[in-house]
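2 protein chains.
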Amino acid sequence: MFLRAMLSSANSMSKFDLDIDKVVSIIEERCAKKIGLQLPSGLSRSALKIAKKIEDLTGATVLISGNHCYGACDVDEFLQREVDILFHFGHAEIKPIDNVIFIEVRSYANIISVLEHAIKMSRGSRIGLVSNTQHVHKLDDAREYLLQHGKDCFIGKGDSRVKYDGQILGCNFSAARVDADEFIYIGSGNFHPLGVALATSKRVIIADPISNEVREIDSETYLRQRYAIIAKALHAKTFGIIVSTKSAQTRMELAMKLKEKAFRNGLETHLISMDEITPDKLSLFKLDAFVNTACPRITIDDAALFKTPMLTPAEFEIVLGERDWSRIKFDEIIG
Amino acid sequence: MFLRAMLSSANSMSKFDLDIDKVVSIIEERCAKKIGLQLPSGLSRSALKIAKKIEDLTGATVLISGNHCYGACDVDEFLQREVDILFHFGHAEIKPIDNVIFIEVRSYANIISVLEHAIKMSRGSRIGLVSNTQHVHKLDDAREYLLQHGKDCFIGKGDSRVKYDGQILGCNFSAARVDADEFIYIGSGNFHPLGVALATSKRVIIADPISNEVREIDSETYLRQRYAIIAKALHAKTFGIIVSTKSAQTRMELAMKLKEKAFRNGLETHLISMDEITPDKLSLFKLDAFVNTACPRITIDDAALFKTPMLTPAEFEIVLGERDWSRIKFDEIIG
Chain Z
1445 MFLRAMLSSA NSMSKFDLDI DKVVSIIEER CAKKIGLQLP SGLSRSALKI AKKIEDLTGA
1505 TVLISGNHCY GACDVDEFLQ REVDILFHFG HAEIKPIDNV IFIEVRSYAN IISVLEHAIK
1565 MSRGSRIGLV SNTQHVHKLD DAREYLLQHG KDCFIGKGDS RVKYDGQILG CNFSAARVDA
1625 DEFIYIGSGN FHPLGVALAT SKRVIIADPI SNEVREIDSE TYLRQRYAII AKALHAKTFG
1685 IIVSTKSAQT RMELAMKLKE KAFRNGLETH LISMDEITPD KLSLFKLDAF VNTACPRITI
1745 DDAALFKTPM LTPAEFEIVL GERDWSRIKF DEIIG
Chain U
1445 MFLRAMLSSA NSMSKFDLDI DKVVSIIEER CAKKIGLQLP SGLSRSALKI AKKIEDLTGA
1505 TVLISGNHCY GACDVDEFLQ REVDILFHFG HAEIKPIDNV IFIEVRSYAN IISVLEHAIK
1565 MSRGSRIGLV SNTQHVHKLD DAREYLLQHG KDCFIGKGDS RVKYDGQILG CNFSAARVDA
1625 DEFIYIGSGN FHPLGVALAT SKRVIIADPI SNEVREIDSE TYLRQRYAII AKALHAKTFG
1685 IIVSTKSAQT RMELAMKLKE KAFRNGLETH LISMDEITPD KLSLFKLDAF VNTACPRITI
1745 DDAALFKTPM LTPAEFEIVL GERDWSRIKF DEIIG
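First to last, the protein sequences are chains Z and U.
For our numbering, add 1444 to where a residue sits in the first sequence, where the first one is 1.
For our numbering, add 1444 to where a residue sits in the second sequence, where the first one is 1.
Heads up, some of the hints might be wrong.
Stretches of chain Z that chain U covers, calculated by requiring three or more beta carbons in the stretch to come under 8 Å of a beta carbon on chain U [stated by the list, open to error]:
1) 1644 to 1658
2) 1724 to 1737
DSS-like mimics (lysine-lysine), calculated; alpha carbons at most 30 Å apart, straight line [unchecked claim]:
3) Lys1496/U / Lys1730/Z
4) Lys1701/U / Lys1725/Z
5) Lys1496/Z / Lys1466/U
6) Lys1477/Z / Lys1705/U
7) Lys1701/U / Lys1773/U
8) Lys1466/Z / Lys1703/U
9) Lys1681/Z / Lys1466/U
10) Lys1493/U / Lys1730/Z
11) Lys1496/U / Lys1703/Z
12) Lys1493/U / Lys1466/Z
13) Lys1681/Z / Lys1496/U
These are computed hints drawn from the structure, not numbers from a lab.
Glycine included, every Cβ here is placed at the ideal spot set by N, Cα and C.
Let's have the full structure, built from the sequences with the hints guiding it.
Here it is in structure tokens:
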């Protein structure tokens, strides 16, 4: 309880709980001497306090990852090799990794008030419920509430990349493949619900219990932006195909397949592997366009940062004339 | 010859030669199918041309490292695992690594004209000669020239981290430990000769065959800047001790030793591991000062970028009261 209060004052995150007692008891139980901590950038400031608490209480030495961390696909592999146990905070496990323990950061924000509004906006009777790691443990409560208000509810089972029913990732919407009229997404941000809208072609209502906002996702604007980028890339003669060095994001086979397809179409391509994908690194390569096989979010969320068009694999197939424009889709990494 | 001309027009680097014929013949000889290329950022634009040439001539698939590369200490370990042969350009080997071939980039710039000027500036008769990878193959010519002009010449043997006699790295000046009155450094930049001046307490003349400039290194200004940073850190209560995740830069043992020393002095320290060390990553941690055990160059060359004082390990010992201010030294990674 002490740490919960402390973290909340440090981060204005009173609605999250980092479960440090569990961390300490695991360390004591395993008599671990060297501990790694990895937190998403939004929680970095808590890292020092968690480290100090662990060192004070257990006598273990703590090593904090200073690299940015974007998801469970982004486990710090140096740290994992270096320590007895690596605690990776804020994301649900994608695949089990020796000596890595995922400490999910759960929100205790009330979801009922946003659901009340979401129901008013709802047009269908068959609702698909999806969420992210922070709120996914509330989906049963959400279903209960919707059922009481006359809605049918569907919470899908994701593929092997997804830990919880109804959980969606920025790169995986398999849990949204249910027979619903529309979806309610419980969580923050536009990226995840946009993926659901594109993957399912269904209406998606965002119910954000943190900002207390309810709104509908607008996938039309997104599609117009993507079409504009694809149109620009139609004139490109040389392409960089980006491959991630983060092992749970590496899609080498896909990259090789795209390179072969491009070769058959007479285009010059270059495979470029990268850890963090940034505009300054890409600007070192004088290429007409890029295709990103790493984290799909980079292609979409960072689009405005890149001066050179960056395409998803499916969009590249459109450029190659091997996919119809109407079959544009959100990029997913399937488990 | 073709590529040499081509690269020169692309990079205005007519004085360098990338020896692509050697690369192609190694690939053919070993029947390698998957090739990695890693070049320092200054040569990144050549990567595409080299890749195309390799693919056209050998049929192998090339994967280019898109990460920044700062030295032979910074071999792309993802690429090394992924390919049959990784060609790492621009640096001399620090230690042999399976399937990594270091392709040094040698300058053919004339050194005589700068030596002529350097001799005029010289005050001693016993000259130590040092250089970097690009020019080190010219040291025998330089010695010959200096001998003809009445100077005694000393070219030192470095430790196991150093490949060539007289070669210095940004983190290793062992080849400068010779009994000379003063040094002539053949190469560009201030960092390497500054290290020689600090490591030897001798006068160092820079003879730069690329810019055709000759000047004396000013280590006094450097020392004043460092003393100012140390003075600021004297008031710090919390320190981040940075450990590099790049294996040839990792000094975990040193970091642990510093942490113990700090603990004995009642200071709070946190071990933070990082790949690229940037101000934005460090700003996520609210600490009063940092100690850098990774590449020494970051502490010195990037000092102005970091808002929080960053110390070398020896400077941290000064802060702890365990080293006298007069015994400040340039940080080295010893082989």
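Between Lys1496/U and Lys1730/Z, does the CA-CA distance stay at or below 30 Å? Cα-Cα ~13 Å, so holds.
Does Lys1466/Z lie within 30 Å of Lys1493/U when you go C-alpha to C-alpha? Given that 30 Å is the threshold and the Cα spacing comes to 53 Å, the pair is violated.
Does the alpha-carbon distance linking Lys1477/Z and Lys1705/U stay inside the 30 Å limit? Answer holds: Lys1477/Z to Lys1705/U is near 19 Å, not above 30 Å.
Just to be careful, I want the Cα atoms of Lys1681/Z and Lys1496/U compared with a cutoff of 30 Å; is the pair within it? Holds, at about 14 Å.
Within a Cα-Cα threshold of 30 Å, do Lys1496/Z and Lys1466/U meet the stated pairing? violated (53 Å)
CA of Lys1496/U to CA of Lys1703/Z, is that 30 Å or under? holds (13 Å)
For the pair supplied as a hint, Lys1466/Z and Lys1703/U, confirm whether the alpha-carbon distance does not exceed 30 Å. holds (26 Å)
Closer than 8 Å, Cβ to Cβ, for at least three residues: run that test on the segment 1644 to 1658 of chain Z against chain U and report holds or violated. violated (count 0)
Has the given pair, Lys1681/Z with Lys1466/U, been kept, meaning a C-alpha gap of at most 30 Å? holds (29 Å)
Tell me if the straight-line CA distance from Lys1493/U to Lys1730/Z falls inside 30 Å. holds (10 Å)
Verify the proposed pairing of Lys1701/U with Lys1773/U, using a straight-line Cα cut of 30 Å. holds (18 Å)
Can the segment 1724 to 1737 of chain Z be counted as covered by chain U under the rule of three residues or more with Cβ-Cβ separation shorter than 8 Å? Our answer is that it holds, as 6 residues pass the Cβ test (under 8 Å) against chain U, meeting three.
Comparing the model with each numbered hint stated earlier shows that hints 1, 4, 5 and 12 do not hold.
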